[in-house]
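Please build the complete structure, drawing on both the sequences and the hints.
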Amino acid sequence: MRTPAPVHDIHVSVIYYSSTGTVAELARWIADAAEHAGADVRLRRTAELAPQTAIDANPAWAANAAATEDILEATHEDMLWADAVIFGTPTRFGNVSSQLKQYLDTLGGLWNEGRLADKVYSGFTASASPHGGLESTLLALYQTIHHFGGILVAPGYTDAAKLTDGNPYGTSHVGGPVTPPGAAAHAAARVQAERVVKFTKAIKHGVHDLHGPQGLHDHSPVRPPAELTRTHTRGDDG
Numbered sequence: 008m009r010t011p012a013p014v015h016d017i018h019v020s021v022i023y024y025s026s027t028g029t030v031a032e033l034a035r036w037i038a039d040a041a042e043h044a045g046a047d048v049r050l051r052r053t054a055e056l057a058p059q060t061a062i063d064a065n066p067a068w069a070a071n072a073a074a075t076e077d078i079l080e081a082t083h084e085d086m087l088w089a090d091a092v093i094f095g096t097p098t099r100f101g102n103v104s105s106q107l108k109q110y111l112d113t114l115g116g117l118w119n120e121g122r123l124a125d126k127v128y129s130g131f132t133a134s135a136s137p138h139g140g141l142e143s144t145l146l147a148l149y150q151t152i153h154h155f156g157g158i159l160v161a162p163g164y165t166d167a168a169k170l171t172d173g174n175p176y177g178t179s180h181v182g183g184p185v186t187p188p189g190a191a192a193h194a195a196a197r198v199q200a201e202r203v204v205k206f207t208k209a210i211k212h213g214v215h216d217l218h219g220p221q222g223l224h225d226h227s228p229v230r231p232p233a234e235l236t237r238t239h240t241r242g243d244d245g
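Counting the sequence shown from 1 gives a position; the numbering used here is that position plus 7.
These aren't lab readings, by the way, just hints derived from the structure by calculation.
Any given hint might turn out to be false.
[As the list claims (entries may be wrong)] The calculated label-pair distances, taken between Cβ atoms and stated as ranges, are:
hint : residue 1 : residue 2 : range
1    : GLY213    : HIS43     : 20 to 26 Å
2    : GLN59     : HIS138    : 30 to 36 Å
3    : PRO66     : GLU120    : 31 to 37 Å
4    : GLY156    : SER136    : 32 to 38 Å
5    : SER136    : SER105    : 37 to 43 Å
6    : ALA69     : THR171    : 30 to 36 Å
None of the values given here were measured: they were computed from a predicted structure.
Glycine included, each C-beta is placed from N, C-alpha and C at the ideal position.
Put into structure tokens, the structure is as follows:
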């Protein structure tokens, strides 16, 4: 009879961008909940692209930059290490922030090698106003996950907490620095993190049985056509 692997062999990277701190708070809650659920967790932020003058002109932005300066910036190794990746971004005109998108756009080489496929992915977001693009931002993020060949685990309405949070696509909060995330968002973050860890564990151990010791990271998928390789790794598509 097979002996289940310990839960702590599940690696979760929480990779986010936050300007004024709301997404950073959600990221910490998700990371803590994933760790409490038994995963080994890395909390990482993406590089800031905005000029220092813009940051200094916004007290909340400057405060968040100072408060999170000790959090390591995300690298490609954080993707390779992870069995699951939970991305976080504020809405930017209903889309993913440029800071997170730039990080995603650097992953073409790993994508070409098939090293982003067969991982579990999920996402979370925040906006400053109701109907400010929460759902469209997560849907835009998830388009990238589909290209990775990732396994999307959304929270759905699988817990009573989600009936309060109200977003089946991922944890979200409305309000910005004026109205920081509270109990509803905290509960939603817990549900999402626990669900990601739960399914990552099930998938990783199940695939281990199917594919041998390499498990989820059996890097032998069908390679993309040469023309796609060129455009995704060199940026030749515009």
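Task: ALA69 paired with THR171, Cβ distance criterion 30 to 36 Å - done: The hint (30 to 36 Å, Cβ to Cβ) holds, given that ALA69 and THR171 are roughly 32 Å apart.
Task: Verdict for GLY156, SER136 (Cβ pair) under range 32 to 38 Å - done: holds (34 Å)
Task: Distance restraint hint 30 to 36 Å, applied to the beta-carbon atoms of GLN59 and HIS138 - done: holds (32 Å)
- [ ] With 37 to 43 Å as the target window, see if SER136 and SER105 comply at their CB atoms.
- [x] Once the Cβ atoms are compared, 20 Å apart, the range 37 to 43 Å for SER105 and SER136 is violated.
Open item on the list: Given the hint of 20 to 26 Å, is the C-beta distance from GLY213 to HIS43 inside that range or not?
Closed with: holds (23 Å)
Task: Range hint 31 to 37 Å (beta carbons of PRO66 and GLU120) holds or violated - done: violated (43 Å)
Violated hints for the displayed structure, listed by number in ascending order: 3, 5.
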